[in-house]
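Need the complex rebuilt from these two chains, each delivered in its own frame; the hints are there to steer you.
Chains as they are written, first to last, in numbering that gives the first Met the number 0: chain F, 0 to 163; chain H, 0 to 217.
Incorrect hints may have been included.
Cross-link-like lysine-lysine pairs, in silico, DSSO-like; alpha carbons within 27 angstroms at most [said to hold, decoys possible]:
id, chain 1, residue 1, chain 2, residue 2
1, F, K96, F, K114
2, H, K27, F, K16
3, H, K109, H, K27
4, F, K47, F, K150
5, F, K118, F, K74
6, F, K16, H, K5
If you want the ones that stay clear, here's a sample from chain F, every Cβ over 12 angstroms from chain H, calculated [stated by the list, open to error]:
id, residue
7, H8
8, S36
9, T105
10, P123
11, E134
Source of the hints: derived by calculation from the structure; they are not laboratory data. For glycine and all other residues, C-beta sits at the position ideal for the given N, C-alpha and C.
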Amino acid sequence: MSKKTSATHIDRRGFVKIVITFLGTIMGVVIGLPGISYFISPALKAEKKDDWIPAGELESYPLGTPTLFNFTQTKMNGWERSSQSYGVYVLREDEKKITAFSNVCTHLSCRVSWKEDEKAYLCPCHDAAFDIQGEVIHGPPPHPLDEYQTKIEDGTLYIHLQEG
Amino acid sequence: MENAFKWLDERLGLNEIYAEVLDRQVPKVNWWFTLGSASLFLAIMQGVTGIFLTIYYVPSPDHAYDSINYIMNGVQFGWLIRGIHHWGASLLVVTVFIHLLRVFFYGAYKYPREFTWVTGVVLFLLTLGMGFTGYLLPWNQRSFWATMVGTEIAGTAPGVGGFILRVLRGGTDLSAVTLARFFSMHIWILPAVAMLTVGTHLYLVIRLGISHIPGEDE
Numbered sequence: 000m001s002k003k004t005s006a007t008h009i010d011r012r013g014f015v016k017i018v019i020t021f022l023g024t025i026m027g028v029v030i031g032l033p034g035i036s037y038f039i040s041p042a043l044k045a046e047k048k049d050d051w052i053p054a055g056e057l058e059s060y061p062l063g064t065p066t067l068f069n070f071t072q073t074k075m076n077g078w079e080r081s082s083q084s085y086g087v088y089v090l091r092e093d094e095k096k097i098t099a100f101s102n103v104c105t106h107l108s109c110r111v112s113w114k115e116d117e118k119a120y121l122c123p124c125h126d127a128a129f130d131i132q133g134e135v136i137h138g139p140p141p142h143p144l145d146e147y148q149t150k151i152e153d154g155t156l157y158i159h160l161q162e163g
Numbered sequence: 000m001e002n003a004f005k006w007l008d009e010r011l012g013l014n015e016i017y018a019e020v021l022d023r024q025v026p027k028v029n030w031w032f033t034l035g036s037a038s039l040f041l042a043i044m045q046g047v048t049g050i051f052l053t054i055y056y057v058p059s060p061d062h063a064y065d066s067i068n069y070i071m072n073g074v075q076f077g078w079l080i081r082g083i084h085h086w087g088a089s090l091l092v093v094t095v096f097i098h099l100l101r102v103f104f105y106g107a108y109k110y111p112r113e114f115t116w117v118t119g120v121v122l123f124l125l126t127l128g129m130g131f132t133g134y135l136l137p138w139n140q141r142s143f144w145a146t147m148v149g150t151e152i153a154g155t156a157p158g159v160g161g162f163i164l165r166v167l168r169g170g171t172d173l174s175a176v177t178l179a180r181f182f183s184m185h186i187w188i189l190p191a192v193a194m195l196t197v198g199t200h201l202y203l204v205i206r207l208g209i210s211h212i213p214g215e216d217e
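For reference, chain H alone in the conformation it holds in the complex (with noise of 0.2 angstroms):
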């Protein structure tokens, strides 16, 4: 077993990754400064939830409704895991929030950390992409009225409103095709670009380390 991770860690440098990962250096920081890796924790847990919701959720308005009913009432701890879902969801866009706050009022953003604060704000925005996209996706009246009212608002943009409603919609109806489309970028457009930003994110933190609390004559 020792001899296996020692073969193992010669060739990964598993023991550097551990050393630069979490036996990094930080200043004396408080529980405000532990937002980070909840945001990241729920985001994993959106992942793995919503995984196992994709076994029986079907994105067609014939069967969206049904499959949810399906996955509440039919499947076993379809309540749990949807739940998880659902509420992680919420929470999430919570923890993701107060994490961008603390970021701004320690003023962590300045120099050399603008770029940490800048995929820090793109993944507040895919936090609330992946929320709106993920509300369509029930097919019931809330969602559907919700999204109908959220793609409107997108349409009163000047000018472009109108093309950005049918590019959301994927036509001028909110219709099967919007499901679909929602769905996809629910589950793999916007995630996949959350990784790459979550992963860009977690590097600079690592490779610029954390900022101090600001003392009072800052």
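Okay, chain F solo, but in the shape it has when bound (with noise of 0.2 angstroms):
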């Protein structure tokens, strides 16, 4: 047998390698790219929330001391409905101003907690503290606690939960 092969013939070999490469580029891309798809779509969804909380009587809020609330919400997360807890430290320093700060760490997301004695939010993370106002005191976190937010309704505090 002798081989022939010019530019106008192709030999059953050749034939056979450009089909199976050219099936199997077919072939990788119908399933690659919708592997790839698959595999990220979780993270293209992000959950809309555009909220008012009731915070309870504004009264109930010592003047110039931080105050805890803590709320809960549920959400969906794959085929799980979780419920998730949120953190707010109120601070009324007089009777028109309100402040709410997040008590997650602007760090790394750990949660913060205020310390009466020390005059400080403290993540027991990184060692990092804030001071009254959530301005960075020391430790690591790159920009002060995140607020709140808020309105009064009926001598009601309604904090305002924004996000996506």
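If you want it as structure tokens, here you go:
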């Protein structure tokens, strides 16, 4: 058997190679791209939240001392309905000025807590401290504690939860 | 690029492997001889799509059904990945079985290929085992009762039946324990055994070559 190969003639082996490469590429793309999409799709969904959360009577918050208010929100994560808890430090400085800080440390999302004797929010994870106004005293956090918008209706304090 | 390949080839013998595996001599054959490759291709597809399914699937009675529901409706192309796995499973049983029939009717199991035949039969049984264990995993009514019946059938074996049934179910009842062990069998134990057996099967096919189509006088 002699092999004849030229620009116009293609032998059986060459033909099979081309067909396999062609079909293999198509199959790879048809499975591969949806595969990537399948893997990353939960990352592409961000649930939006925009709610005013009632935080009880304004009068129940003492003047001058940050007071923790906890609330939970339910959320679907994949196939599981889970409840997520939020902590808000409400600081009533006087009758008008109210600030609500998130208790999520701005460093790596551990929860801070107010220490009255040290007059600071302390984070247990990496020894960060924030002052009563949420400003960083020391430690690794890159910026002050996040604040929530607040409003008062009929003597009730509301906290604005916004996500996504 | 060429130099890099030469460097690797000198050490790994890639060209030799290619020549041994894909350039080996074969007799004049027909389309029935493609079923082994088809089965291998489908098995690899089952492996790939199966690995993808484990990203979301949870083998627990609390989550199995919901996690599959999420794959089908909440994840992009989840329907495709699961669809390929679902239909590929049936197709694999069919191709493996027709492959087995071809070898049987062409007498290709004869000397010196008896052991290739034995590994092939083991692979057929493993394929059925994969089908049986995979069927329970969606944890819906159909899979629950199919497994109830299947394990009950195993339980009718004389003498050891009750023991086999309890081993399969992990206790007397079809429970969370059953689901967990079927999952383990489905994704670890059976595939591991199957990979070793496929390796042996392919080694023997390459080592012994394949038999020609028997003539009228044989």
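How the hints compare with the structure:
1. F/K96 - F/K114: Holds - the C-alpha atoms of F/K114 and F/K96 are around 21 angstroms apart, at most 27 angstroms.
2. H/K27 - F/K16: It holds: about 20 angstroms lies between the C-alpha atoms, which stays within 27 angstroms.
3. H/K109 - H/K27: 18 angstroms, holds
4. F/K47 - F/K150: 21 angstroms, holds
5. F/K118 - F/K74: 34 angstroms, violated
6. F/K16 - H/K5: 21 angstroms, holds
7. H8: Correct as stated: the minimum Cβ-Cβ distance to chain H is 21 angstroms, above 12 angstroms.
8. S36: Violated: least Cβ distance 5 angstroms, not greater than 12 angstroms.
9. T105: 32 angstroms, holds
10. P123: 32 angstroms, holds
11. E134: Its Cβ never comes within 12 angstroms of chain H, the nearest being 42 angstroms, so this holds.
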